[in-house]
Amino acid sequence: MEHSASLLTDIGLGIIFAAGASHLARFLRQPLILGYVMGGVLLGTHIGFGLITNEASIELISEIGLIL
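Each residue of the sequence shown is one higher than the one before, starting from 2 at the first, in the working numbering.
Everything labelled a hint here was simulated from the structure, so no lab data went into it.
Using N, Cα and C, we set each Cβ at its ideal position, and we do this for glycine too.
The hints are all genuine.
Simulated restraints, written as ranges between beta carbons of each label pair:
#, residue 1, residue 2, range
1, L14, I34, 15 to 21 angstroms
2, I17, L61, 15 to 21 angstroms
3, L9, G49, 18 to 24 angstroms
4, L35, G66, 16 to 22 angstroms
5, E60, Q31, 24 to 30 angstroms
6, R30, I68, 32 to 38 angstroms
7, R30, L67, 29 to 35 angstroms
Could you put together the complete structure from these sequences and hints?
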């Protein structure tokens, strides 16, 4: 149960940060993809705030995205 709650939290944070960064990119008249990338960088463990610490859940999300 702990793993599924962590996965849902990571997905929610990813959506929130991507939406916020894309709005900022649109305000600055930059491509939306730049906002999405910056949202991901801000969530990461190496450069950003380190809000997502379970890298296995992010790998799972990325593999599902590749399949779709």
